[in-house]
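Undergrad: Here is what each chain is made of, one letter per residue.
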Amino acid sequence: MKPRVFAAFVAPSLLMMLIFIAAPLVSVFGQSFYVTQPVYETVEVESCTPGFPTANCVTETKSQPVRDEDGRIETRTLFVGLESYRNLLQFDRVGEYLSSGNWASILNVDFWAALRFTVMFTLITLPIVIVLGLAIALAVNNAVRSIRGPVIFMSLLPFIITPVIGALSIRWLFIGDGILTAALEEVLNRDIAMFAQGWTIELMMYFYRVWHVAPFAFVIFYAGLQTVNQDTLESAIVDGANRWQRLRFVVIPHLGPLITFVALIHLMDAYRVFEEIVGFSSQSHVISLQWLTYDFLQPDDAGNRAISRASASAMLTMVGIVILLIAPVRRAWREHKGER
Amino acid sequence: MTKRTIFAAVGAATLLAGPAMAECSFENDTPVSMLSAGFEAWKAVSDAMAECGSFEAELDQEFRTKQPAAFAADPSLYALGGVANGTITPLINEGTIRPLDDLVAEYGQSLNDNQLIRIDGQVMAIGMMVNTQHLMYRADIFEDLDLEVPETWDEVLEAAATIQEAGVVEYPLGATMQTGWNLAQDYVNMFYGFGGEFVDSENIPTLNTEAGINALEMMRAMTEYMDPEYLVSDSTYVQQQFQQGRIAMANLWASRAGAMDNEAESEVVGLVETAAAPKATADGPPATTIWWDGVVVAANIDDETAEAAFRVAMEGLDSEMVQANNSAAIWLIEGYEPTRLAEGAIATLQSQPAARAYPSTTAMGLMHTALGNGIAAFLTGDKAAEETLADIEADYLTAAREAGLVDG
Amino acid sequence: MAEIQLRNLSKRWGSFVGVDSFDLTIADEEFLVLLGPSGCGKTTTMRMIAGLEDATEGDIMIGGQRVNDLDPKDRDVAMVFQSYGLYPHLNVYENIRFPLRVRKIDESTHDERVMRAARMVELEDFLHRKPAELSGGQRQRVALARAIVREPNVFLMDEPLSNLDAKLRVSTRAQIKNLSHELKVTTIYVTHDQIEAMTLADRVVVMKRGVVQQVGTPTEIYNRPANVFVAGFIGSPGMNLVEGHVSGGTFEADSVRVEGLEVRDGALTLGFRAEDARLAEPGEPAQIEAPLYTIELLGDATMLTVRAGGALMSVKASKDLRASIGDAVSFVVPPGACHLFDPATEARLDAR
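Chains A, B and C, in that order, are what the protein sequence lines are.
Residue numbering for the first sequence is 1 to 340, as defined by this note's numbering.
Residue numbering for the second sequence is 1 to 408, as defined by this note's numbering.
Residue numbering for the third sequence is 1 to 352, as defined by this note's numbering.
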């Protein structure tokens, strides 16, 4: 393709990337170093609210924002440097915990708790998703042709369901005396409260994510299995390789680039875990980095948003993803070069 | 064609138009729109407003997020807004709602003084109903076990112990302790019950006090009698626990009381009674906060629209509407006949010393968030009481500094 | 060392017959070629011997043992595939070692065996390359080495040369021939190329639509094709075949007249090879007279083709001969060089 034509094809999407990805990113990066806040004044206010039988009037001092001539809230923007990051990471508290040997308490700081869960969630679900996806793909590939269609459809179902709906339906299966909890109680003959402690909720979140994402891995691997070189496979059979050896020496090397691909996508997705937190209302026990950012952005009743800390947390989340992706991206690059 | 048939035709036309227009005292032709929460009472009010014509209501659970931005637009995207004492704060702070004194003087003859929400002397909102968390209990269980209706939380715990021992229900107590807003709200109730103040006049937190620790301890004592999954139980969940006969007591929103007698959902129709919110200390106020819901009028609209909007609002808040929807809420409006299930709310409102209204301040918004994120650590046993409160104060201070409420 | 017996071996998919009652005994150390056009069942037969395909009927005996129910790995056969079937992520050395590795053969012997196999196919210099870095011929030699390294009782080769270009094909063919001579292992070789069959085989099996047409040494099937199909398939060009009538020992077809045949009267398919006929001398009586259809210069000879008896007939002539298309030409076909076939059964008529 001529450079000109190439440019004409690429330019629109490049422009879109600049406007919708690069620019916001730069803006968020910038915002994480500034704080914009209203200027407050302290006033005495008498306010009356309903009571029975007559209204309840009280006088109280409260802070309220100063408004300029146009009636807008007067704000000031301060350069705070790394203050928002410090507020997020709370190194002083972390240092205290470390020096007092109270390591587990580090998780009292929201960011570190979120990081702990996010990283564990990502790294634990990754191998399970890949192994399970591969297992389903192999099972379907070896299944009798007539039942293949229905099996594929069934295994794709979790993937089709909207994440939040899926999380909510699992939640209702387990919460209180939900069907599955009741069934488990019947089998184990003991009282079970899946939502009463953090680790059971966390288990359910792992379970849910694997259940939801494995079909994606399955589809990719199943497609890959269709292009395995039959001669190589039969060579291995004649050479004396058993099923496991055929899988290890022929099928898995063939699926290598696809495994890297699935790992890449899964790392990116899982690191941004969010739906599970909302779906399982797990805030009291486990939170994720993405949820933390969301929570900062969510206005309270009084309309406050913590934009600066949200920006800092978003930047740190992105840094985390980049670090996680280095290994698989390098691998993909080597595979890409190797094919030439 | 005879005269008689013409007359008959006109009569029929009037009859057809009748049901739609008859209840509104004027015909509105200025487009008026409203954004409010979506519960039953707002539905009743907006239906009544719609009878005046040219009216459009958006009932949206996300109104809290949408309202400040929508009202800040010029012209405002909505003429009317439905607010509560918490959600009016950003509108007041940004000055996007107008004082209503003139309009009240001209069109508000039917309003009683109790409905006029005054801030700094000016009427800023028209209250229509109150909501509060108060005691609901299973009268049949109390009667069987010969129990008195508890007036303090200590008595609640005693009653819960008796009920649990008797084995009537596994977990006698329910509470809206879902992490986040609900949990924080329960703490606010208890903290005020113990006579605490969240911040001083400089917006510095004063949480880590005896009242703060007492409130935490009391909440933990409550959890002994509660389903262990209390950290995910919101109002709907507690309501269902009641309806399915799984709990015997809860400090639950008055707006949920009606559901106890809903025969389609409830297995305990007629068995649930209400009483004043329990006190934290014998001579203190009920450990709860008073919430009101009401209507505000946008500042960024022209005066004619504001006038029309106010008149429409008055039609929505009239006695006819209340009489048609008597059990939908604890109405502040003339003509309301308290029902059996409203007794608890009224007792709560009348008790002395009085329960406080939920404070509509910026600082309280930040504090509520910090509480919602922080309290659970104490209940799950991860942190001690002082540590929990110190961490919440630290969280609050971080946010307050970022918001500019506290210097340095 | 192994003798292979195929007894009444058949393969059917539903009503489709892949291989029909194949009966053959392959002697120990024999190089047998299965030859036929695509779809004739030759590959299926080989895959049944390898164990990659189940036989519908019949027995496969290797070294006197019935192997129908054994897994491929337990049959002690090695196989070379058309597209090599190498392991792309392993280097040449590991590719060759693979069978030893998965069969848990004593590790201390691996290196020696791999090196010996590599030497036999002249791959010593490429041991650390990946298959992707090799040429087609080198890849096929890796596949050969991988087969050799196990020292199996039977070699199976499925069209191993068809993915190579013409020149490589000739040299690799020579290498295979030499290897088999050296290794003395029973080998079954599948091809659709009759030259490969002729050059490599001790015996050739010609197949068509799942049915064996003829079994014999290359000389036998060239000189005495059992039927019209074999006659036309073997040789380059294939045998000239013309349909006509015999009366009183004289065969007649359009532009063709051959006298002095010892055969009953009636319909007959007459065949002769291009090199068995020649251009008539001026004035000499000729069996075929027709205008020249085309002339091809082969270098060592000139091929003359005419249209006669409804078919194209090719005759080899001296390499110096030149003629123009359309010129009248006359061919001498000695009656003794003629092959006679029954046009109804297509079978060879004479019992010679």
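Any given hint could be a false lead.
[Claimed, not checked] Calculated from the model, a selection of chain C residues having no Cβ within reach of chain A, i.e. all distances over 10 Å:
1) Ser15
2) Gly51
3) Pro72
4) Lys73
5) Met79
6) Ser83
7) Glu122
8) Ala143
9) Arg150
10) Asp202
11) Glu243
12) Gly244
13) Glu262
14) Glu284
15) Asp350
[Stated by the list, open to error] Label-pair ranges, simulated between beta-carbon atoms:
16) B:Gly381 - A:Ala182: 25 to 35 Å
17) B:Lys43 - A:Leu180: 33 to 43 Å
18) B:Lys43 - A:Thr42: 54 to 64 Å
19) B:Ile204 - A:Phe29: 26 to 36 Å
20) C:Glu107 - A:Ile326: 30 to 40 Å
[As the list claims (entries may be wrong)] To list a few chain A residues with every Cβ distance to chain B over 10 Å, as calculated:
21) Val5
22) Ala8
23) Met17
24) Val28
25) Arg67
26) Ile73
27) Ala139
28) Arg145
29) Ile175
30) Gly198
31) Glu202
32) Gln290
33) Gly303
Read the hints as simulated data drawn from the structure, not as lab findings.
In this text, a Cβ means the ideal position worked out from N, Cα and C, and glycines have one as well.
Undergrad: If a hint holds in the structure, say so; if it does not, say that too.
TA: Do the hints match the structure? See the list:
With a cut of 10 Å on Cβ distances, C:Ser15 stays outside the contact zone with chain A, its closest approach being about 19 Å. A cut-off of 10 Å between C-beta atoms contradicts the statement that C:Gly51 is not in contact with chain A; the least separation is 8 Å. A cut-off of 10 Å between C-beta atoms contradicts the statement that C:Pro72 is not in contact with chain A; the least separation is 5 Å. Interface exclusion of C:Lys73 from chain A breaks down, the closest Cβ pair being 4 Å apart, not more than 10 Å.
The beta carbon of C:Met79 sits about 4 Å from the closest Cβ of chain A, which is not more than 10 Å, so the claim that it is off the interface is violated. Separation of C:Ser83 from chain A is inadequate, the least Cβ-Cβ distance of about 5 Å not exceeding the 10 Å criterion. The beta carbon of C:Glu122 sits about 21 Å from the closest Cβ of chain A, which is more than 10 Å, so the claim that it is off the interface holds. Annotated as non-interface, C:Ala143 brings its C-beta within 10 Å of a C-beta of chain A; the closest such distance is 8 Å.
The claim that C:Arg150 is not at the interface with chain A is violated, since a C-beta of that chain comes within 10 Å of its own (minimum 8 Å). Every CB of chain A is more than 10 Å from the CB of C:Asp202 (nearest about 23 Å), matching its label as outside the interface. Every beta carbon of chain A lies more than 10 Å from that of C:Glu243, the smallest distance being close to 43 Å; the non-interface claim holds. The beta carbon of C:Gly244 is kept farther than 10 Å from every beta carbon of chain A, the shortest such distance being approximately 48 Å.
The beta carbon of C:Glu262 is kept farther than 10 Å from every beta carbon of chain A, the shortest such distance being approximately 52 Å. Distance to chain A confirms C:Glu284 as a non-interface residue, since its nearest Cβ pair spans about 57 Å, more than 10 Å. Against chain A, the non-interface label of C:Asp350 holds: every CB pair exceeds 10 Å, the least being about 44 Å. Range check, B:Gly381 to A:Ala182: about 27 Å between beta-carbon atoms, so the 25 to 35 Å window is met.
At roughly 35 Å, the beta-carbon separation of B:Lys43 and A:Leu180 lies within the given 33 to 43 Å, and the hint holds. Checked against the hint of 54 to 64 Å, the pair B:Lys43 and A:Thr42 fails, with Cβ atoms roughly 40 Å apart. In this structure the hint that B:Ile204 and A:Phe29 lie 26 to 36 Å apart at CB holds, the actual value being about 32 Å. A C-beta distance of roughly 37 Å is found between C:Glu107 and A:Ile326, which places it inside the suggested range of 30 to 40 Å.
Look at A:Val5: its CB is around 44 Å from the nearest CB on chain B, clear of 10 Å, so calling it non-interface holds up. Every CB of chain B lies more than 10 Å from the CB of A:Ala8, the least distance being 39 Å, so the non-interface label holds. Remark: the non-interface label on A:Met17 is consistent with the geometry, its nearest Cβ contact in chain B lying 28 Å away (cut-off 10 Å). Every beta carbon of chain B lies more than 10 Å from that of A:Val28, the smallest distance being close to 16 Å; the non-interface claim holds.
Chain B draws A:Arg67 into its interface by the beta-carbon criterion, the shortest separation being 6 Å against a cut-off of 10 Å. With a least beta-carbon separation of about 6 Å from chain B, A:Ile73 fails to lie farther than 10 Å from that chain, contradicting its non-interface assignment. Distance check on A:Ala139: its Cβ is at least 36 Å (rounded) from any Cβ of chain B, clearing the 10 Å threshold; non-interface status holds. With a least CB separation of 46 Å from chain B, A:Arg145 remains clear of the 10 Å interface cut-off, as annotated.
With a minimum CB-CB distance of about 7 Å to chain B, A:Ile175 fails to clear the 10 Å threshold, and the non-interface call is violated. Under the 10 Å C-beta cut-off, the non-interface status given to A:Gly198 relative to chain B is violated; the minimum distance is some 8 Å. With a minimum CB-CB distance of about 13 Å to chain B, A:Glu202 clears the 10 Å threshold, and the non-interface call stands. Listed as outside the interface, A:Gln290 is consistent with that label: its C-beta sits roughly 16 Å from the nearest C-beta of chain B, beyond the 10 Å cut-off.
Remark: the non-interface label on A:Gly303 conflicts with the geometry, its nearest Cβ contact in chain B lying 3 Å away (cut-off 10 Å).
Going down the numbered hints, you'll see the structure goes against 2, 3, 4, 5, 6, 8, 9, 18, 25, 26, 29, 30, 33, while the others check out.
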